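So the sequence lines, in the order shown, correspond to chains L and H.
Under the UniProt record's numbering, the first residue of the first sequence carries the number 1, and numbering increases by one thereafter.
Under the UniProt record's numbering, the first residue of the second sequence carries the number 1, and numbering increases by one thereafter.
Hint data in this document are derived by calculation from the structure and do not stem from the laboratory.
Careful, some of the hints might be misleading.
For the chain H half of the interface with chain L, some residues (derived, Cβ under 7 Å), not all of them [said to hold, decoys possible]:
1. Asp-54
2. Gly-64
3. Asn-400
Derived list of chain L stretches under chain H, where covered just means 3 residues or more per stretch with a C-beta under 8 Å from a C-beta of chain H [claimed, not checked]:
4. 4-13
5. 41-52
6. 240-253
For lysine-lysine, the following BS3-like pairs were computed, each having C-alpha atoms within a straight-line distance of at most 30 Å [claimed, not checked]:
7. Lys-153/H - Lys-348/H
8. Lys-358/H - Lys-133/L
9. Lys-153/H - Lys-45/L
Predicted, not measured: the structure shown is a model, and the values here were computed from it.
All C-beta atoms in this analysis are idealised placements derived from N, C-alpha and C, irrespective of residue type, glycine included.
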Amino acid sequence: MKENSLFNRLSKRLESLEKLPKIDETKSIPKVLEEKGFSRRDFMKWATAVTAMLALPANFTPLVAKAAEISDRLPIIWLHMAECTGCSESLLRTDAPTIDSLIFDYISLEYHETLMASAGWQAEENLEHAIEKHKGNYILMVEGGIPSGDTDFYLTIGGHGKTGEQNAKDACESAKAIFAIGTCSSFGGVQAANPNPTGAVALSKVTNRTVINVPGCPPSEKNIVGTLLHFILYGTLPALDPYNRPKWAYGLRIHDLCERRGHFDAGEFVEEFGDEGAKKGYCLYKVGCKGPYTFNNCSKNKFNQHTSWPIQAGHGCIGCSEPDFWDTMGPFEEPVADRLYNSVFGGLGADATADKIGVGLLAVTGIGIAAHAAISKFKHPKDEE
Amino acid sequence: MSTKRVIVDPITRIEGHLRIEVEVDENNVIQDAFSSATLWRGLETIVKNRDPRDAGFLMQRICGVCTFSHYRAGIEAVEDALGIVPPLNAKLTRSLMNQALFMHDHVVHFYHLHGLDWVDVVSALDADVAKASKEAFKYTKYPIATGENDLLKVKDRVKAFVDKGELGPFANAYWGHGTFKFTPEQNLIALSHYLKALEVQRTAAQLMAMFGGKQPHPQSLTVGGVTCVMDLLDPSRMGEYLTKYKEVANFIEHAYYADIKMAGGAYFKEGSVTAQAGTMNFMSHQMMELNRSEYLFDTGIILNGDLSKVYPINEDLITEEATHSWYADNEPLHPYNGKTNPNYTGLKDKMTIGPDGKEIPSKSLDDQGKYSWIKSPRYDGQVMEVGPLSCLLVSYAKGNTKVKAVVDEFLQETGLPTEALFTALGRTAARCLQAMAIIRNGMETFNTLIENLKVDQETCASYHIDKDKEYKGRFIGDVPRGMLSHWVRIKNGVIENYQAVVPSTWNAGPTDSKGQKGPYESNLIGLKVEDISKPLEIIRIIHSFDPCIACAVHVMDKKGNNLGVYKVDPIYGCSC
C-alpha cells in the first residue's frame, strides 16, 4: 500500500515536471542516447541499477528512466569556493561514454568555472544572467568550504571583489534546491581541519536554506548523479540522516557491504601493509580501516566506472564522507581502538569523538569492532604465523 | 601616456581562483601586468602536529586535478626523513601511476582547459566535412574521430546548440575573435577531438584507479611502499592496464600530437602565442623512473635561454618573499625559515574596462602594495619558469636521447625553429611532447615491473618512527605542472614543520622587492590585445602555463596554536 502511494506520488511529480519547458528543445535524452548508439535496453539496464542504488523497489525502474529523460528541465549553477576541484574532476569521470555522463552533457550547466568557455566579466555575466533567468528554478551545487572567520576575504571572486561567502549566499537565495557537493561544502573539509586558519565552514552555515550534503573527498560521480535524479523524482528532500546526507547513498556503513567482510568475520587481518594477508585480501581493520565508522556506498558502487575503490587497492577507508574526519579519523593507518597519537589535539582524536558521540554507533561499534578483532585473532592462531 | 586597466577575474578553465590585471596603452599594448591568487586555505598549518603517515593524505587535498602529485610528495618526503627506501615494485608502481597522471592531465589541459583559446567552436559550423576529413591526414597517418561521418555528427550536434542560441558551457566566450587562426575544417577536427578526449580522459583516470583505488584522490600509497599488491599480482589486472594504456597512448599520438602539429602551423605567426617567454630561466628536476636506475627526465637549470649550458640545482639557494603578497613578513627566506603571517590589505576602487569596453567602477589590485596570496619564490634571487617546457629544455640541453628524439621530430615535422619552443606555443607543445616521451618509453616501466614481480613480491618496506628522534626530509621532483617540492620536519613522532613549494607558485607569483616580475606577469608585458573587452590573448598566455592556483597558495603555522603567526612555505609548497 505504502509503496503504491509513493509510486503514484512520484508519477504525478514527473508528470508535472514534464510540462515544464525544456531548456533545449532540439534534444531529448532518448534521442541523444540513440545517437550515441545506446539501445532502449541499455538505458533500462542503467535505470534498473540506479533504481537499486536509490533504494527503490524494482518496479520503480520506469519512473527512474523517465526522470532521467526529463532531466533537461534543470538548469544547474555550480560554484567553486575553497576547494581543490576534485569534486568537479569526479564529475568529469562520470561513466562514459555512458548514460550518467550524457545526462550531465544534457542538463544545462549554466555556470561552472572549470568547464565554461568564458572568463572575467563575461563569466560573471553568465552567472548573473543564469540566476535571474532561472530564478527559483535552478539547482545550485557548491564545491568547497566557505571562508568566513575573522575575514571572509580569504576568497574573492570577480572584478567587484565579491567574497566567496557573499557569492554563495546570493546564489542560495533563489535556488530551487541546494546541494553541497563534497566534504568541503558539506562539512568545511580539509581547510576546516584543526586549527582551521581561514574559519572555513560548511555551506549550510552561511545560508538559512536547507542544504543537502553529498559528502566524500570527492563523492563518487554516481552519488552526484543519483542526487540529481532523486531530486527530479521526488521534488522534495530525500530521507536524510542527522548530517543531512541522503539515506539512499549514506545509509549503510562501508563495512556492511565490504568485499573483505568475510575475512573480518573469519578473523583474517592484514597485520601490516605488504604482508601475506595483504596479498590474500584480508581485512584492513588492523591497519586502520575506518569502514566500520563510515557511512557511504563505495563498497557497492566503487569508482571510475567500477574500476576499483580504496579497500580493493589494499588501503583502509579513511572515512572521508564523515564530518570532521580529518580530525576524528586520523591517524589513518591506526585502528581506532589502538592509536598511538590520540592526544595530538588535546584529545580531539577519534577516541575523543567516540566518547562524545557516545549515543551512537561510533563508540559502540568501535568497541565492538576492536573486541571482535582481538577475539578473532585469539581464536585463529593462523594469524600468528 | 594614458593607460587603461583591464581585469580578468575569474580566469576560468583552471584549477583554483586566479585574477589577472593589466595596464594597456592607447594601442592596446600591455605595459604592466599583475597576477593574483584570490583564495587562501592554509593546509601546511593544518598538517602540523599530526601523524607523519597522514601527511600524504592531507597534502593530496591541495589539488584534485594533479591528484597524485601531492600525495606522492607527502609520502616520499616522510620516507626521505625516515631513511626508507621503498621496494622496487613500489617505486615502479608509483611511476606507472605518475605516467597515467601526466597522460590524463595533459590531455585534459589541452582540450578542455586550453583548447577553447585555440579552437573557435562556432567557426566549425562552416567546415566542409569531406575537406576536413582529408585535412586530418596531413598530421597523422591514422587520424582518430575524423571520418566524414564522425565530423558530420559533431557538426550537427554543435549546430543544434548554436541555432538554439543556448551555448551552455560555451556561452559568452570570444567566438569570432580575430586571433583564432584555425580554418573551419581545422576547428571541426579539434572540436571532434575535444569530445573524444572527454572519453579518453576517463580511461586515463582508470589507469590510475587500477592501482590507486580511485581517481581523483587515489588511496594506495603508504609510507614505505604501495598497498595495491593484489592488483599487481593479478595478471588480468595487468592485462587490463596494458589495453587501456594503449588506447590512451593511441589518442595521444594520433589526435593530441596531430592537433599540436596543426596548431604549430596555424598559429606560427599569431603574436599572442609566439612572443618570447618573459622569463628565460628554466628549472626542472628528474622524474619518471623507467627501470632500476634510469629516469626519463633530467635535473637542471637553464639561464637566459642558453641551451649550451645546464646548471645543477643547489637547494639552499631557494627563497621566498612576500613584498607584494598578503603576508606581513617581506624579506626573502629559505623555506625552512619561512614565515607566513596573513595580512590582507584589500582591493582599491578604480575605473576599469567592463564587458562592453566602457570603464566601470571596480575593485582593483593594489599593485603598489600587496596583491596576491601567492608568494614570490626565487632561485639565487632569480625568477625561474617551471613546467613541461622547462623539463624538456633541460633534458634536451643535457642530450637526453629519449627526449631529444621527440623534440627534434616535432621541430622537423612542423618546420618550426628551436626558438619557437621559448613561447606560449612551445609551452603548449611541450606538454604534448612530454606525453609523447612517456608513451614511447613508459612500457619499459611496466615490463620491468612484470619481470621483477616474478622473483620479488615485496611492496612495502618496514620502518619505525622513534619518538625521541628528530627527522628532516624532502621530496623534489617534476609533476605535470613543473618542479614540486615538499619539506618535512618530524619531532616527538609528529610533524613539526611542513612546507610545499609548487610549480604554480614559481610561475604565478607576484613581483618581488627588486621589481622582478613573475613568469605570468612578464610574459604578458608587450602583448597586443585586439579588443580589451574580450582579452582572449591574455587568457591564452596564462592558460599556456596550465595554472593550478590551489596548489600555489600555502601556509605554515609557525607557532603551534598561535593562529596569528604563520609561515608560508614559499618554495616548499605544493605540487601540480
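Status of the hints after comparison with the structure:
1. Asp-54: 5 Å, holds
2. Gly-64: 2 Å, holds
3. Asn-400: 31 Å, violated
4. 4-13: Not satisfied, violated; 0 residues make the cut.
5. 41-52: violated (count 0)
6. 240-253: violated (count 0)
7. Lys-153/H - Lys-348/H: 50 Å, violated
8. Lys-358/H - Lys-133/L: This hinted pair holds, its Cα atoms lying about 25 Å apart.
9. Lys-153/H - Lys-45/L: Holds, at roughly 26 Å.
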